[in-house]
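Trainee: Below, each chain spelled out in residue letters.
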Amino acid sequence: MNITVEDVRQVWEGRDGSNLVALDGFTHTFKSGRFSCILGPSGCGKSTIAQIVGGLETPTSGKVTIEGANKAGSASVMVWQSQNLFPWRTVIDNVAFGLEMAGVQKAERADKARVLINSVGLTGFERHYPSQLSGGMRQRVALARALIMDRPILLMDEPFGALDAQTKIVMQEELMRIFDETKKTVIFVTHSIDEAILLGDEVIVMTARPGRIKEVLAVDLPRPRSVEMISTPKFGALFDRAFHLIRDEVTKAMQEQNVAAGAAS
Amino acid sequence: MKKLSRNAVLAERILPALSIVVFFVAWQLLVDLRNIPPIYLPSPLAIMHALISMVEDGSLFYNLAATMLRIMVGFLLAAIVGIVVGIVMGVSRIFERIADPWIAALYPLPKISLIPLLIIWLGTGEAYKIVISAVTAFFPIVMSTYAGVRQVDRGLVKAAEDLGANRRQTQLSVVLPAAIPTIFAGLQLGMGVTIILVVAAEMIGGSSQGGMGNLLIQAGQVLETEKVFAALITLTLMGAVIMKGQQWLDRKLTPWANLR
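Residue numbers (the working numbering), protein chains in the order written: chain A, 1 to 265; chain B, 1 to 260.
No lab work stands behind these hints, which were simulated from the structure alone.
Hints may be right or wrong, so weigh each one.
What the hints assert, rightly or not - In the SDA-like style, the derived pairs of lysine to any residue whose C-alpha atoms are separated by at most 25 Å in a straight line are:
no. : chain 1 : residue 1 : chain 2 : residue 2
1   : A       : 112       : B       : 166
2   : B       : 158       : A       : 191
3   : B       : 158       : A       : 1
4   : B       : 158       : A       : 64
5   : A       : 112       : B       : 46
6   : B       : 158       : A       : 240
7   : B       : 158       : A       : 255
What the hints assert, rightly or not - Restraint ranges, calculated between C-beta atoms of paired labels, are given here:
no. : chain 1 : residue 1 : chain 2 : residue 2 : range
8   : B       : 100       : A       : 21        : 32 to 38 Å
9   : A       : 226       : B       : 189       : 53 to 59 Å
10  : B       : 97        : A       : 239       : 53 to 59 Å
11  : B       : 97        : A       : 251       : 55 to 61 Å
12  : B       : 9         : A       : 131       : 24 to 30 Å
13  : A       : 15        : B       : 100       : 51 to 57 Å
14  : A       : 226       : B       : 243       : 55 to 61 Å
15  : A       : 12        : B       : 100       : 23 to 29 Å
16  : B       : 55        : A       : 135       : 54 to 60 Å
17  : A       : 25        : B       : 252       : 54 to 60 Å
18  : A       : 15        : B       : 240       : 53 to 59 Å
19  : B       : 252       : A       : 250       : 31 to 37 Å
20  : B       : 97        : A       : 11        : 27 to 33 Å
21  : B       : 127       : A       : 15        : 47 to 53 Å
From the three backbone atoms N, C-alpha and C, an ideal C-beta is built for every residue, glycine too.
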């Protein structure tokens, strides 16, 4: 299931009538079964592209084609940075939400949900509410809730951005294991260079606003991957390359902010 | 450290009760020592005697039951209509536009000022008491429900849609449960004003219909001040029981909202 994104442009209209070009001329083919990371400074429209592919936003112009899918969003499911778990539902009812909406019988969806809860290591927490869980556990629930949909494309919008460093490493390893097992097509949005290289088959480096593709780095590290790879020379070379690309963009973004702040004051 | 915390707990438990005891003892002493006429300020013991005799002749329970029944009917009416209208306002743009000017105009009107009109239309019977309390309670309930529905986290709605929920499912399974804590807050406000309006409405009208408000007015007019105080204490306790019961129900029905 290749995802072809052609010349996508997204413009947000402000209340005062001003236009903000979030994304411009984004063209890329996300190959089936690959793990693609979108890396960029904040405000570069990287989350927007994930939402457009997921059918959750409509681009101002341009086209997204998902091979074999008749409707935008029907082939993909999103994992959000803020998790967006339903606070009034227990873990098991959160995970089973999609099946419930699809009209699956209660016993069957509970069985399936238990399997997923087990696979993300949350057995024993089925009856807990999200507010009783830690950030890492909540993100596992969100992952299970997405995986139960069994859709070929997994969209992840900075899913580990709010987690502490240790939890993040554990979650990254878990995601790598799940990716190796399920062979989904993944689009993973992040602002962490380490994370992008560690997880991705390719890293799409974005420019500062308006977001365009600056460069696509192929990551030819072998799979299965582990966090130890971060200390290898190959990883180091990729990191340097990405870092230089990103640093230019972050500096540019900061200068623009300074100019804007100067103009405002 | 441990001893200190135990003392703190003890103080937290005992001091509130102690303050009540001290208050009543001081009251009793004041009345006894200064010889204050019971018409102005009866002693706590005299009030208790009045309370007991009202329990014995059945007048307390009769009037309390009448008031409670009116409160429940008025509140239920307001809750059902208020929640339904609030939800429809929250999900339908057209209906929101139509209802908004009406609510904006009628909300600040002191509902108690409708009493003369309602008596002209409905007389001083049950209908008027229930209508005035229901109309008053309707506003906080409808506004909280509307706000609760409108303030639902957009992220949750997007997530539900992404997980395959259609529009109706999203509203039933996401918007409504997400609004429940806010709706409950509105119901508590609504219950408060229902109690006020029912008792106030009972003060106007025939003695044949009873109710705590009627009992208060009757006792006040013949300067039976002990009875007035006895009725006030009963009303205070009734209000406290209703509000605490509502909070308990709230916690039972929305366990997720009270975890932290």
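Trainee: Each hint: holds or not?
Mentor: Here is how each hint holds up against the structure:
| no. | hint | in the structure |
| --- | --- | --- |
| 1 | A:112 <-> B:166 | holds (22 Å) |
| 2 | B:158 <-> A:191 | holds (23 Å) |
| 3 | B:158 <-> A:1 | holds (24 Å) |
| 4 | B:158 <-> A:64 | holds (19 Å) |
| 5 | A:112 <-> B:46 | violated (69 Å) |
| 6 | B:158 <-> A:240 | violated (37 Å) |
| 7 | B:158 <-> A:255 | violated (34 Å) |
| 8 | B:100 <-> A:21: 32 to 38 Å | holds (36 Å) |
| 9 | A:226 <-> B:189: 53 to 59 Å | holds (57 Å) |
| 10 | B:97 <-> A:239: 53 to 59 Å | holds (56 Å) |
| 11 | B:97 <-> A:251: 55 to 61 Å | violated (49 Å) |
| 12 | B:9 <-> A:131: 24 to 30 Å | holds (27 Å) |
| 13 | A:15 <-> B:100: 51 to 57 Å | violated (21 Å) |
| 14 | A:226 <-> B:243: 55 to 61 Å | holds (58 Å) |
| 15 | A:12 <-> B:100: 23 to 29 Å | holds (28 Å) |
| 16 | B:55 <-> A:135: 54 to 60 Å | holds (57 Å) |
| 17 | A:25 <-> B:252: 54 to 60 Å | holds (56 Å) |
| 18 | A:15 <-> B:240: 53 to 59 Å | violated (47 Å) |
| 19 | B:252 <-> A:250: 31 to 37 Å | violated (51 Å) |
| 20 | B:97 <-> A:11: 27 to 33 Å | holds (29 Å) |
| 21 | B:127 <-> A:15: 47 to 53 Å | holds (49 Å) |
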